[in-house]
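Q: If you read the sequences in order, they're chains A and B. Per our numbering, residue 1 is the first one in the first sequence, and the count goes up by one each step. Per our numbering, residue 1001 is the first one in the second sequence, and the count goes up by one each step.
Since the hints were made in silico from the structure, they are not lab data. What you are looking at is a predicted structure, and each value in this text was computed from that prediction instead of being measured. One or more of the hints may lead you astray.
Calculated cross-link-like contacts (lysine-lysine; reagent style BS3-like; alpha-carbon spacing at most 25 Å) [said to hold, decoys possible]:
(1) A:K291 x B:K1005
(2) B:K1005 x B:K1072
(3) B:K1261 x B:K1023
(4) B:K1403 x A:K18
(5) B:K1401 x B:K1072
(6) B:K1005 x A:K294
(7) B:K1401 x A:K291
Spelled out, the chains give:
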Amino acid sequence: MASPSEEIKTENQPLTVKDLNTENPRWCAGCGDFSIIMALKRFMVERQLIPHQTVNISGIGCSGRASFYINSYGVHSIHGRAIPVAMGLALTKPELKLFIHSGDGDAISIGGGHLIHGINKNFNCVFILYDNELYALTKSQTSPTTRKGHKTNTQPSGTYLDPIHPTSLALGVGASFVASTADWLPDHLVSTLKAAYDHSGFAFVHVSQRCPHFDPNNFDHKETSWFTFLEHENGIPVDKRLVGKVETIKHDPLDRLQAFKHAIDPRVYFGLFFQDKEKPRYDVILQNQVKDAKQKARSSILDSFNL
Amino acid sequence: MPVEKKRVSRFELLMDAGFGAQKAGDILIRAFAHTGRFVFIEPMIPAEISPPARSRPALSGAMIRVADFDLKNSGNETDIILAQHEIVLDRRLDDNEHSPTCRILLDIADKKANEDSYESVCKRATKQGLTITTFEVCEDGKNLIKGMGGKGKNMYYLGMLSAIYSVPEEAMVTEIKMIFGKKLKEEILEKNIQIFHFGYLFAQANIDFSIIIEEKELTSGDKILIDGNSALAMGIIDAGFKLLSGYPITPASSIMHTLAKVFPSYGGMVHQAEDEISAIGTAIGAYYGGVPSLTATSGPGLSLKQEFIGYAAVAEVPLVVIDVQRSGPSTGMPTKTEQSDLSAVIWGSHGDHTKIVIGVGNVLDCFYAPIMARYLAEKLRLPVFILSDFIMANSYKVIDKPKPIELGSIEDIPQKILDHFWIGRLPDEIEMVRSDQSDPGTPGHMRRITGLNTDQDGKVNYFSETNQRSHAVRNEKVHHVQRALRMPDLFGSVEEGEILVIGWGTTRGAVAEAVHSCQDQGLSVGGFCFRIVYPLPLILTSVMSKFKHVVTVEAAYGDVMKKPPLAMLLRSKTLIDVQTILCQATGRPISPKSIEAKIKDILNGIPV
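Turn these sequences into a full structure, and let the hints guide you.
A: Right, dumping it as structure tokens:
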């Protein structure tokens, strides 16, 4: 996402995690959102991103508050529509680093239309999908990623339909970068953010996120037998703490077809599913139109209407 | 061909869609304008691309009003109709916008196959006392048209109309070459001119009437021929906007089309979003970044954008929305006009409403409105609307070429623009809900915006006092505008008396013409139209109190038990018993004559 030379903090003091804290987040104890923004802060410190040139943009929901809990510029926008707002900044202020925070309901339900087109337009940003597989801030309703049979307040006999797989959705609409990770794998999460940030274009990062309040048994974060890491020299390194303790398989991130197979597999995979570094960027296309056009003085604008 | 001298005349060319009726109209009005006549043209555009030929929805055409004085609207009645066939004629007669002595020229090329249909339409017209002259394209003309695959009939009709309106043939040929010169091959261009020539000769030899509008010496200075949407597009560039974020919708799309071609040369971008909501979200994102940006839409799109409109007000991000109104509600009539969005714009989006609304009433307003809107939006960090409508967007006329303003910072807004919209400069310092409004990239500020209520430091805050303060601060911004607004100029010299006629936006030309006409007859009738429709000037009540009757004219629905939007607004603001003399939602513009008739009804004691 950036040329490394721009990333060095200009002030005398290096950036620390403390610099990036704001108020105490109003999230439940044990919420996975804490880990996600902590990973982002750790990543920003590691790369020494300049906070005033960073914008965190979010929608509505528990994840929506993320933009207020990181001491950078921020937009807590409306439900499902962080992507259009981020697009405005990507088009007109390309020097800013953009991180979009969106939940499963926010991104795939009410904001589903924008997600498709954000991915397709491939504008430059890191898109973080906080996937706790239900609506939480509105108190436990079925979301597009809720597992079939799980009881919620709107489908009390158990969620009726099979969930949408976010990674397969992203791959299906032609994402240039698709990765998946989990909030309780901090090392892998930071590595994933690094890879996403270094990608030029719309970097889709899916994060499995715990909701201890409404669905405490969903992700067994103490157990490792139910997931597999995708491993490759061009991929994302396996979580440091789990090397040798967890199943890994080789997966070439250029292999889109295999990526699909992993994405729709009932087994869970974490790692880099797919990356296409050549996909054209819509923001660059529009910026180049201006760059390449012969600039004219505004005094001439009415000349073509001369009688 | 006996020549009748007239000061003003209106005619229509009616054809099937796709046969170039509007192009023919363009050529003719350029010739009129170049020979010292004033014109106002309103195209008739079907809502579909290629409706079946010889069907009522296929009606496509141009209505042209020409005069020896400046025209501000499309006028009252049509004097001459030239129709390609009986179906488009029949369709147009339904609108009842022709004069009782209207002359109809009807091409009967299709008559053989449609005898009955022709008979019944001719009967209908004759019954109304209209004269029908039937004709067929001459043999030479037919052969040429056949050779061009059926195209070129519009040129024949153009020839006829220019002969009827006594425009010299050479002047017409110059215009044809101007319009087609670069686009058509020499050989095709020659054929078109030939067809035109046949039509011209045919009318001279066979049509027993013609009209001449006196030539006025052209005033010095450059002139432009421009429509409302093009004027808005150029105004957007002039105002210093750098991004138009939109979604295709009739009749706003042509703003996007025009800018897509030229904006990059002025450092701007056109972004076609995936939907209306996304379009406004992107405009908000860019303006949050400090880059002037806006969105343009029409009714259905306005409905979709409402949540983001409220968000911009609360998050204090400048926002400019152009709404080119069409006939509603819902999908309504996409290529017909109406002014019914006023309520949705003023009161729209949930919760309290704090907006500023500009209404455009001519092409010069369109050109200046983006500057006015940007000034207000950035100064107040509130949503600002520019309300246009189908007729404003698509009608065009010749005006003196305005000098572009080339606005840099909003504080450089020229007095001329403020005066044009009858508003004074706003105070230097205007209190915001949040004291820090720094653009991203500014070190040390970290402005974070939200739709949640916040305190002065920008922190999310649900305390009652803080929320009440936020409301007060936002509303005070609107009050600043109220205090800065001056009274709109009154038409003519009547400042007190019997009747005050009030309008806004698209009806201005007709209201002005009706009021001036009444004053010329010595009647005690005043009138004005707003350019900023919301909020309203503080002095309004005292101006209105000087008249016995205050009435509005609106292209919006109203009846005995329901007041249309402007009347409702004025009543609530002034507690004056404002009535409405015209509140029609027919999709057609309101004519000066119908306003004048209603005014006279009141003067004669007929209740409103």
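Q: What hint numbers does the structure not satisfy?
A: 1, 4, 6, 7
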